[in-house]
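A.B. asks: The primary structure of each chain is shown beneath.
There are 2 protein chains.
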Amino acid sequence: MTHFSHEEISKLEHLYKINLINSCSGFKSANLIGTKSGDGIENVAIFRSVTHVGSEPPLLGVFMRPTTVARNTYDNIKETGFYTLNHVHESIVSEAHHTSAKYDKQISEFDVTSLKSEYKPGIHVPFVATAPVQMHMEFVEEYNIKANGTILIIGKIKALFIQDNLLESDGFVNLSKGNVATINGLDGYAIPKLKERHAYQRPKTTINTQ
Amino acid sequence: MTHFSHEEISKLEHLYKINLINSCSGFKSANLIGTKSGDGIENVAIFRSVTHVGSEPPLLGVFMRPTTVARNTYDNIKETGFYTLNHVHESIVSEAHHTSAKYDKQISEFDVTSLKSEYKPGIHVPFVATAPVQMHMEFVEEYNIKANGTILIIGKIKALFIQDNLLESDGFVNLSKGNVATINGLDGYAIPKLKERHAYQRPKTTINTQ
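Chains Z and S supply the protein sequences, listed in that same order. Residue numbers for the first sequence, in this note's numbering: 1425 to 1634. Residue numbers for the second sequence, in this note's numbering: 1425 to 1634.
Chain Z with its partners taken away, still in its complex shape (with noise of 0.2 angstroms):
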């Protein structure tokens, strides 16, 4: 195997390093979120960080680092207190990816990408039209990682909209019907298909000590 201590990891090479250190925690969720200035400019940004923090009540969290290009991101849902997040289908990835490119002023990537916005009665943020999931999510609170600056966005989803064929009679959402991109790193995209489903877990009765 390769190895790399923390000394080497941090004189390696900036974009080596990055790529490296994206890469190394696993597959990760791929998310658009959307949102809107106060003055109404809308907002749309991918996200590699958003996770499942709790079911009851259902809350996701996100990291961002808001010296990046997801300051407009991070300003509106201060500002407004809402977002949405919505999955990445395999017919948008390039130009999701492209919503990471950091242009010198306050752009929407509605205006810069082929992704259209779509509006649902009652809310005021834009979801990305054709997602196979979508989320109306609330700002519940956020902390401050001391250890490098970034923010932690716990959110509560308020409402959750699935396209049909991908929920199960179980309420599991079958995400590989809906063809939902993961990223690998920072660049690398995948559209995973489900092996398998494993049942829950009890403990064996025969402990097999060896």
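Because the hints were derived from the structure by calculation, they are not lab data. Be a bit skeptical, because a hint or two may be false.
Using C-beta positions, here's what the derived DEER-type ranges look like [unchecked claim]:
#	chain 1	residue 1	chain 2	residue 2	range
1	Z	His1438	S	Asn1589	22 to 32 angstroms
2	S	Lys1617	Z	Asp1588	23 to 33 angstroms
3	Z	Glu1503	S	Gly1573	22 to 32 angstroms
4	Z	Asn1603	S	His1438	25 to 35 angstroms
Output of the computed footprint for chain Z on chain S, the stretches with three or more beta carbons under 8 angstroms from beta carbons of chain Z [stated by the list, open to error]:
#	region
5	1459 to 1465
6	1498 to 1504
7	1558 to 1571
By construction, the Cβ of each residue, glycine as well, lies at the ideal position given by its N, Cα and C atoms.
Position chain S relative to chain Z; hints supplied.
C.D. replies: What follows is chain S alone, placed relative to chain Z:
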């Protein structure tokens, strides 16, 4: 699309709800966390919430619910300050999933599954043998998430071990070459195959405002 409001979600039957909310955030990483208690009992448990937090320094986060099976993992991390993260190879999905079973007494999952512990020079916490990616992690800090009582653990990568054929020339760790699993929900496993890598994105010079 099927629609669930926040109120409807809160009234769902428990198992339906945890399937729904655990699978709606997107594909998740599959990591086995290895620890050892102060009195030497090994522990290994599967986690679905390991997330990239930053590259400089190299930091990863994971959410734990201290009232569940994660209790031993959390206690051991707090007691010793160290843990390992190990990716789930296709061949150990069933055994990795079994580590989510709740045993009454403190047992080592290495004794009740076919997972084998592996020790490396100078490191006192157990790795999972044959995992394509293994990391030695040092506890940095924790955050108590007020919204639901979970705990976010932030850890620093002390050492990173990667199966040679996964590491590409620019630092990218090609997880699909390692047949690494991703998780959908609580119990769905897929082995993604990388489709494409996209270039670093710069602003488009001609803005299409349509």
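A.B. asks: Confirm or reject each hint.
C.D. replies: Hints, verified against the model:
1. Checked against the hint of 22 to 32 angstroms, the C-beta distance between Z/His1438 and S/Asn1589 comes to roughly 25 angstroms, which is consistent with it.
2. A hinted range of 23 to 33 angstroms holds for the C-beta pair S/Lys1617 and Z/Asp1588, which are about 27 angstroms apart.
3. Roughly 28 angstroms separates the CB atoms of Z/Glu1503 and S/Gly1573, a value that falls within the hinted 22 to 32 angstroms.
4. Against the hinted window of 25 to 35 angstroms, the Cβ-Cβ separation of Z/Asn1603 and S/His1438 comes to about 30 angstroms, which satisfies the hint.
5. Check on the region 1459 to 1465 of chain S: 0 of its residues sit with their Cβ under 8 angstroms from a Cβ of chain Z, so the three-residue criterion for coverage is violated.
6. Residue count for the region 1498 to 1504 of chain S with a Cβ under 8 angstroms from a Cβ of chain Z: 0. That is fewer than the three needed, and the coverage hint is violated.
7. Counting residues of the region 1558 to 1571 of chain S whose CB lies closer than 8 angstroms to any CB of chain Z gives 8, so the stated coverage by that chain holds, three being the minimum.
When each numbered hint is compared with the structure, violations occur for hints 5, 6.
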